[in-house]
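Using the hints, build the complex out of the two chains.
Line order of the protein sequences matches chains A and B.
Under our numbering, the first residue of the first sequence is numbered 1, with each subsequent residue one higher.
Under our numbering, the first residue of the second sequence is numbered 1, with each subsequent residue one higher.
Treat the hints as calculated values from the structure; they're not laboratory data.
There could be a bad hint or two in this list.
[Stated by the list, open to error] Cross-link-like lysine-lysine pairs, in silico, DSS-like; alpha carbons within 30 Å at most:
(1) A/K79 to A/K10
(2) A/K18 to B/K64
(3) B/K65 to A/K10
(4) B/K64 to A/K10
(5) A/K10 to A/K21
(6) A/K6 to B/K44
(7) B/K83 to A/K6
(8) B/K94 to B/K44
(9) B/K65 to A/K18
(10) A/K10 to B/K76
(11) A/K18 to A/K96
(12) B/K83 to B/K65
(13) A/K18 to B/K83
(14) B/K74 to B/K44
(15) A/K96 to B/K94
(16) B/K97 to B/K44
(17) A/K96 to B/K83
(18) B/K76 to A/K18
Remember, predicted model here, so these are calculated numbers, not experimental data.
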Amino acid sequence: MSPRNKTLRKILSPPIIKGFKPYGGEPVEQGRPLVYLLFEEYEALRLCDYDLCTQHQASQLMCVSRPTFTRIYASALQKIARAFVEGRQIVVEGGKVYFDSDWYRCGGCQCYFNNPGKEDIHACPLCGNQQVFSIEFSREIANGQMQQGENLCICPHCGHVMAHRVGLPCNQQICPECRNRMIRKGNQGCRK
Amino acid sequence: MNIAIASEGNTMDSCLGSSFGRSSWFVIYDCDTRDIEFLSNPNKHAEQNAGLASVQLLSSRNIKKIISGEFGLKIKPLLDSLKIQMIVVHMPEKKIKEILEMLNH
Numbered sequence: 001m002s003p004r005n006k007t008l009r010k011i012l013s014p015p016i017i018k019g020f021k022p023y024g025g026e027p028v029e030q031g032r033p034l035v036y037l038l039f040e041e042y043e044a045l046r047l048c049d050y051d052l053c054t055q056h057q058a059s060q061l062m063c064v065s066r067p068t069f070t071r072i073y074a075s076a077l078q079k080i081a082r083a084f085v086e087g088r089q090i091v092v093e094g095g096k097v098y099f100d101s102d103w104y105r106c107g108g109c110q111c112y113f114n115n116p117g118k119e120d121i122h123a124c125p126l127c128g129n130q131q132v133f134s135i136e137f138s139r140e141i142a143n144g145q146m147q148q149g150e151n152l153c154i155c156p157h158c159g160h161v162m163a164h165r166v167g168l169p170c171n172q173q174i175c176p177e178c179r180n181r182m183i184r185k186g187n188q189g190c191r192k
Numbered sequence: 001m002n003i004a005i006a007s008e009g010n011t012m013d014s015c016l017g018s019s020f021g022r023s024s025w026f027v028i029y030d031c032d033t034r035d036i037e038f039l040s041n042p043n044k045h046a047e048q049n050a051g052l053a054s055v056q057l058l059s060s061r062n063i064k065k066i067i068s069g070e071f072g073l074k075i076k077p078l079l080d081s082l083k084i085q086m087i088v089v090h091m092p093e094k095k096i097k098e099i100l101e102m103l104n105h
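So here's chain B without its partners, still in its complex pose (with noise of 0.2 Å):
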C-alpha cells in the first residue's frame, strides 16, 4: 500500500504542504519496502483542476491514502469513488520525516 504525502520541497526537511492540489512535490511512501520517492508537482501553477489533475498522476501509483495540509472542494468525490482515504492535518510546521515518523508508529 502507498501512501501519497503532499510536500513543499523535495528533502526530508521539507514542510508538509499546505494544498494538495498546489503542493510542489508529491511524495510516495511504500509502507511495505519503506522506500520514499519524490514526485515533481506539474499541475503546481495549473489554472484550474490542479486537485483532479494531480489525483489522476496519484491514481496510477495504487495510492490508499492522502495527506496534506487541506485538499480542494473537487477532488472529495473523486477520492470517495477511489476509495482513498483523506488525512488532513492541520500543522504547516510538520516536517516530512516527523510525518513518517509518524506513520511508522
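In isolation and in its complexed conformation, chain A is listed as follows (with noise of 0.2 Å):
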C-alpha cells in the first residue's frame, strides 16, 4: 500500500540563503553527506523560535494538524543537532509545501489571481472591476478537496456534510443544523 499522502504545509517565504557549511576542526573529507534540511522544517523552527509562536499557532499558519506541526519541528531539530555534532553541511530544500501570495477574487469576471509584486490591488487585472476580494488559499483548497470527495466533517446524526479545516479536529467542529459534534467521512461509525 502506499503511504498516506502528506498534506501540503503553507510557507511564507523560502529562506533568504540555501544552507550553512562548518568551518575549522579537522578537514571535512570529501562526500561527507549533507544533511538534508526541508523547507517546511525550516519554517517550523522560524515560525518557533524566531518569531516565537506557540506550535500551536504556528500548526495554524502552516495550514498542518498540530501533531504534524510537532512531528516537522522534532525532525528539524534532529536534523540540526546532527549536523552541528557531525560537523556535517545543511541545505535547505524540498518538502511538500507551497508558498503564500496573496490571492484575490474579481466580482465582476469571477477570476483569480495573485499578487507578486506586493502591490496594492484596486481593481481586476484582467477586466477592471473595482470589486475585488481577498480570499483566503487554505479554504479554496479545502473546497478543492471536497470536490475529490476526501478531508470532509460529517455529522453522524444529521448527515450535513461540511469542508474538513486542517488544523482543526473534527470532534471540535459543531454541526451548525443539529449542534452534535462532527467526525471524519469515511471514518468507523459514519453511517452514512
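Right, here's the structure in full:
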C-alpha cells in the first residue's frame, strides 16, 4: 500500500540562504553526506523559535494539524543537531510545500489572480472591475478537496457535511443544524 | 507590458487553454501596441515539467501576466520569483477574443 499523502504545508517565504557550511575542525572529508533540511522544517523552526509562536499558532499558520507540526519541528531539531555534532553541511531544500502569496477574486468576471509584486490591488487585472475580494487560499484548497470526495467532516446524527479545516479536529466542530459533534467522513462509526 | 494567454488553438475563436503547461498555443498580447502573436507550445506533450519549460519560453518576452484556466503546482514559486501575475479564469468556453475584449476594458 502506498503511504498516505502528506498535507501541503504553507510557507510564507523561502529562506534567504541555501544552507550552512561548517568551518574549522578537521578538514571535511570529501563525500560526507549532507543534511537536507526541508523547507517545512525551516519554516517550523522560524515560526517557533524566531517569531516565538506557540506550536498551536504555528500549525495553523502552516495549515497542518498540531501533531503534524510537532513532528516537523522535532525532525528539524534532530537534523540540525546531527549536522552540528557530526560537522556536516546543511542544505535547505525540498518538502511538500507551497508558498503563500495573496490571492484575490474579482466580483465582475469571477477570475482569480495573485499579487506577486505585493502592490496594492484596486481593480481586476482582467476586466478592470473594482470589486475585488481577498480570499484565503487554505479555504480554496479545502473546497478543491471537497470535490474529490475527501477531507470532509460529517455529522453522524443528521448527515450534514462540511469541508474539513486543517488544524481543527473534527470532533471540535459543531454541526450547524443539530448542534452535535462532527466526525471525519469515511471513519468508523460514520453510517452515512 | 506583454500578457500571455493559454489557448487551445491559433485563431481568435479558440477557447482558453484549460491547463497552462499543456495548452496548444500561447497568445502574446502587447498592451501598448495591441499586437497579437500566436506562439506554438513545444512542451505540449512533454512527459513532465511542461509548465516550467513554458515559463522559460515566455520569460524572455517581458511577460507580466499569464491568463490560463489552471496552473500546475510547480510553477507557482517560479512565477512568484519572476514577479509574473497569474490570472485563473474558470470559464473553459471563453474565447480568446472575449478575453482580449475584457483586457481592453
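Hints violated by the structure (listed by number, smallest first)
Hint 15 is the one this structure does not satisfy, whereas the remaining hints hold.
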